[in-house]
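Sequential numbering from 1 applies to the sequence shown in full-length UniProt numbering.
Quick caveat, the hints were computed from the structure, so don't treat them as lab data.
Check before you lean on any hint, since a few could be wrong.
To be verified - What follows is a list of derived Cβ distance ranges for each label pair:
| no. | residue 1 | residue 2 | range |
| --- | --- | --- | --- |
| 1 | Gly51 | Glu7 | 14 to 20 Å |
| 2 | Gly51 | Arg21 | 26 to 32 Å |
| 3 | Glu43 | Tyr8 | 26 to 32 Å |
| 4 | Leu6 | Tyr40 | 24 to 30 Å |
| 5 | Ile27 | Ile47 | 14 to 20 Å |
| 6 | Ile47 | Gln25 | 18 to 24 Å |
All figures in this text were calculated on a predicted structure; none of them were measured in a lab.
Don't be surprised by glycine CBs; every beta carbon is placed ideally from N, CA and C.
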Amino acid sequence: MARFLLEYEDLWDGTIFCISRAAAQPISAVAGGQVLVAQYPTENALIALVGGDGGYPLPSGKAHA
């Protein structure tokens, strides 16, 4: 992801969700958008952050795989 952002950082203004601060650090250095880190480095905490119950709702009307 960090490599992608280095190449296209001027085009990116979205939100990146990371499971830990360690995962977020290289991305934060190059991300033009917002970087959010899960409260705990667990899958459930990441799911909660993305929209399970963590306060960041998924956009309505869009399909997610």
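ask   = Can the suggested window of 26 to 32 Å be confirmed for the beta-carbon pair glutamate 43 and tyrosine 8?
value = With a Cβ separation near 27 Å, glutamate 43 and tyrosine 8 satisfy 26 to 32 Å, so the hint holds.
Range hint compliance [Cβ, isoleucine 47 to glutamine 25, 18 to 24 Å] = Roughly 21 Å apart at Cβ, these two residues keep to the hinted range, so it holds.
key: Outcome for the supplied range 26 to 32 Å, where the beta carbon pair is glycine 51 and arginine 21   = 21 Å Cβ-Cβ, so the 26 to 32 Å window is violated.
query = Could one say that the CB atoms of leucine 6 and tyrosine 40 fall in the range 24 to 30 Å?
reply = holds (28 Å)
query = Is 14 to 20 Å a correct range for the gap between the Cβ atoms of isoleucine 27 and isoleucine 47?
reply = holds (19 Å)
Outcome of range test on Cβ distance (glycine 51, glutamate 7; 14 to 20 Å) = violated (28 Å)
The structure does not agree with the numbered hints 1, 2 stated previously, though it agrees with the rest.
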